[in-house]
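A.B. asks: Residue-level listing of the chains:
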Amino acid sequence: MQTKYLIIGSSHAGLTAAEEIRVHDQDGALTMVSMEDCLPYSPTILPYIVEGKVDEKLIYLRDEKYFTDNKITFLKGKKVVTVDTKSSTVTLDDGTKIEYEKLMIGTGSAPTIPPVPGLKEAKYHVLRTMEDARKINQAAETAKHAVVMGTGLVGMHAAEGLGKKGLEVELIRGRRRAVLPNYFDGNAGKLIHQVFLDNGIKCNLDFQVKEVESVNGKSKVTLSHGEVVETDLLLVGTGVKSRMDFLGDASGVQVDQGILVDTMMRTSVENVWAAGDVAQAADFYGDERILTAILPDAYEQGKVAGLSMAGDETVIQAFEEIGGQASESYRGGISMNTFNFYGNRSFAVGLSLVSEEDGFEIDTMLFPTSCMYQKLVFDGDFLVGAIGINVTLDPGVITNMIRYKINLQGKKAEFARSPLDMSRRIMWESWRGAIKTAG
Amino acid sequence: MGNAYNTLAVYPEKCNGCGECEKACAKVKANSTDVVHSRIKVLKSLEDGFFGPVVCMQCGEPNCVKSCPAGALSKNPETGVVEWNEDKCVSCTICTLGCPYAGIYYNPLMSTVVKCDHCGGDPECVKVCEPKALEYRPEASVYNDQGDLEDLFAPGLAACLGCNMEILVRHVLRHVGPDTVLAAPPGCLPGVCAVGFNGFTGSKVPSFHPLLTNTASMLAGLRRYYKRKGRDVTALALAGDGGAADVGFQSLSGAAERGEEILFVCIDNEGYMNTGMQRSSTTPYGSWTSTTPVGPSLPGKANDSKYMPLVMLMHDVEYVGTAVTAYIDDFHRKVEKAYQASKRGFAYLHVFSPCTTGWRYPGDKTMEVQRQAVATNIFPLWEYEKATGKLAFTHPVDNPASLENYLSMLGKFRHLSKEQIEHLKNTAAMRVNILKAMSEQGLAGYQNLKVAV
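Residue numbers (the numbering used here), protein chains in the order written: chain A, 8 to 446; chain B, 179 to 631.
Certain hints may be false.
[Said to hold, decoys possible] Straight line, CA to CA, 30 Å or less: simulated DSSO-like cross-link-like pairs of lysine-lysine:
| id | chain 1 | residue 1 | chain 2 | residue 2 |
| --- | --- | --- | --- | --- |
| 1 | A | LYS172 | A | LYS130 |
| 2 | B | LYS207 | A | LYS86 |
| 3 | A | LYS64 | B | LYS266 |
| 4 | A | LYS151 | B | LYS266 |
| 5 | B | LYS266 | A | LYS72 |
| 6 | A | LYS418 | B | LYS222 |
| 7 | B | LYS484 | B | LYS543 |
| 8 | B | LYS253 | A | LYS142 |
| 9 | B | LYS266 | A | LYS248 |
| 10 | B | LYS266 | A | LYS85 |
| 11 | A | LYS172 | B | LYS266 |
| 12 | A | LYS60 | B | LYS266 |
| 13 | A | LYS127 | A | LYS217 |
| 14 | A | LYS217 | A | LYS60 |
| 15 | A | LYS64 | B | LYS192 |
| 16 | A | LYS78 | B | LYS253 |
| 17 | A | LYS60 | B | LYS192 |
| 18 | B | LYS222 | A | LYS60 |
| 19 | B | LYS253 | A | LYS64 |
| 20 | B | LYS266 | A | LYS11 |
| 21 | A | LYS83 | B | LYS253 |
| 22 | B | LYS222 | A | LYS412 |
| 23 | B | LYS192 | A | LYS72 |
| 24 | A | LYS171 | B | LYS266 |
| 25 | B | LYS205 | A | LYS60 |
| 26 | B | LYS603 | B | LYS192 |
Simulated from the structure, these hints should not be mistaken for lab results. Keep in mind it's a predicted model, so treat the numbers as computed, not measured.
With these hints in hand, go ahead and build the complete structure from the sequences.
C.D. replies: Here it is as structure tokens:
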């Protein structure tokens, strides 16, 4: 078959790209391929499915009608096997060949399995697809004990979910000796860790998994200090990698940890774009290209890719002329996330992990007994990072202060005293005002 | 055409930080007196007196919707409101990362995110906002209703920059529709578009150019003729104040008194602006015109304006309305009523229409001049329907804005003395009092008022 636009992957990056394409081109043939045999959904939702917080039927991001109304051919349950960029053809696992004019890869990421002896041969779960979630829920019905490897978002979240299902849960760290080490600093990590301990999750960050063995349908997990844990359900959540195995060397698409793209989400090969977890794109802070693998970046990149693919010539031209800094181009990834656990809420944005030794000014407020923490990171007169646990702040407003480099003009101390009011005030006077003038 | 949406407009400069909106919101949304439940938050800085209501802006491309992994947020294509679905929400709060306006936030007492939903089209906060820092703007319905109708004037009219007439006539004719005969007596309109030039007319309906004196009588004949032929054709006049209140008054008064089925729209720019800004009988007291000059012996016009809407009401016609294009939803509502009434009898719509060249103000202030004229009660908005016998204010102004501000916007009033301003205030107040008495007591109110005097 032939199509003008082909999008591989149907989560936030792909969906936003399709939406943007349809803003500029209402009729060009648009095809979307999804490896899973269901309507589009967000992998971010999966831990909530395990927790049982929401019904699986409710979480789909688009329905069949959306695809009909927008003239999008949605091919589900089809995996891409190869991409031939010379003949502009994609081959699916059922042998279908799709000729495209413009291709976007938004295939997201797949779990990484750490090189622990015996793990690959043993029975274990991961949590990256709906099928994974269903399998975990099925196993959890009879299981009494679970071991969760990895203290990242997936691991922590799944541990809480399984614990709430009544399983005895043991959380074991991955490479690093901390909880949520990508987003939260030591103070925050300790608070979160404590809440998990208080809620009966066994979690000693000193040890790692040394070896795994399958015995009578159970997994025998040996820890680094020699302790042996027998478990019914072993979940590996030690990280993700870009899902791009279908790109052979012959495709010519340059990859590093992910698919390398410019700020218009173009890869090194003409007529091929990439966005979302799979894309290694501009960093907000430096010149290196980075993987962010977070939802807000996925839709932002998807939007840029869609705009670029739909070929609004003036935009592309403007982009070329000003050297890749058009307002429509991707502005660079800022690390950010939210993490809600046992009724507590937290967020981390920007350079949240740095300390004073790194040359930043840091303002912290910590109340361990009420599980409250606020960390504001300043670089000169600019806010560059923040962490909040159970504090009332608008993460989006804080993010924009960082993104638009709002100069606090010597009012750092004042800002640290009442960040909620001041950030909203700044919002009123800067980007909200700017929009008003522009309108 | 796509949908337009109603807006919850925020005017921070009017906010006094009273917090009534928060209380009203908490009450209606959570039946609570705790304002933590409010979806609108008032930013207060006592230091420099800055206040600002913070509330969801119902974005066109909402980041919260795009960043929701559960599909729990969506923009309603009908209302434009960004809706939150409690059943789908997993409280991941990623939406709060996406929103740059603090429009959606976590409510710790409910353990969910909350956001404004416009109360289903009737926001409580607006009702309690004393200083009018919050306004619910329903103009979108005009766009949605009118957007798909054919514009019956040619593009590119030859009006002055900032002229109010173009928007006025396009909206009237679009609303009234193609089964119309248009009469455009001498004035700006015929030259600008209605009669046209070089053998072409700018209107897409049959139009003609009567004399200033006989607009209403010619239309009366046309309407009767078409009626006899069995055709329902709207007889529409778009006349200036000269063609209505002065030279055209005899035929207008006659047609109104006989109850001819005509929709007569008076575009009142308070003078003969087409021929060099001469006075007319609707020119206000004190106003400069080229025939009421300002100098050592003359301080502008010596007489009060003729208040045409009431004069026409006294003809016992089907409908009388006063309107401005600055309140376009009200404008369209009145055009519709006048149109319907013109099928039963005489309908008169008096539109206050500032003239940027003749009144001497910048062309971009045309809407603001109209708003101020309404806010100061210089041009109160009301309508009278014979069917109900009721006169009603459609934009009541109980505390009129400063008349001095309004007058200072307009070059033609710049010379006014204190006494003259006082005179204008008294005239405006007197007219509003008459209207009030009539709105409260029906037409008898006018007589009672006279008796009281």
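A.B. asks: Determine for every hint whether it applies to the structure shown.
C.D. replies: Hints, one by one, checked against the model:
1. A:LYS172 to A:LYS130: holds, 21 Å
2. B:LYS207 to A:LYS86: violated, 47 Å
3. A:LYS64 to B:LYS266: Holds, at roughly 10 Å.
4. A:LYS151 to B:LYS266: holds, 29 Å
5. B:LYS266 to A:LYS72: The hint holds at about 19 Å.
6. A:LYS418 to B:LYS222: Cα-Cα ~17 Å, so holds.
7. B:LYS484 to B:LYS543: holds, 25 Å
8. B:LYS253 to A:LYS142: Measuring from Cα to Cα gives roughly 34 Å; hence the hint is violated.
9. B:LYS266 to A:LYS248: Holds - the C-alpha atoms of LYS248 of chain A and LYS266 of chain B are around 29 Å apart, at most 30 Å.
10. B:LYS266 to A:LYS85: Distance of about 27 Å is within 30 Å: holds.
11. A:LYS172 to B:LYS266: Satisfied, since the Cα-Cα distance of roughly 20 Å is no more than 30 Å.
12. A:LYS60 to B:LYS266: holds, 9 Å
13. A:LYS127 to A:LYS217: holds, 13 Å
14. A:LYS217 to A:LYS60: Given pair LYS217 of chain A, LYS60 of chain A is violated - Cα atoms ~33 Å apart, limit 30 Å.
15. A:LYS64 to B:LYS192: Violated, because 47 Å separates the two Cα atoms, which is more than 30 Å.
16. A:LYS78 to B:LYS253: holds, 20 Å
17. A:LYS60 to B:LYS192: violated, 43 Å
18. B:LYS222 to A:LYS60: Status violated; Cα separation ~37 Å.
19. B:LYS253 to A:LYS64: holds, 20 Å
20. B:LYS266 to A:LYS11: violated, 34 Å
21. A:LYS83 to B:LYS253: Holds - the C-alpha atoms of LYS253 of chain B and LYS83 of chain A are around 26 Å apart, at most 30 Å.
22. B:LYS222 to A:LYS412: Distance of about 24 Å is within 30 Å: holds.
23. B:LYS192 to A:LYS72: violated, 45 Å
24. A:LYS171 to B:LYS266: holds, 19 Å
25. B:LYS205 to A:LYS60: holds, 28 Å
26. B:LYS603 to B:LYS192: holds, 25 Å
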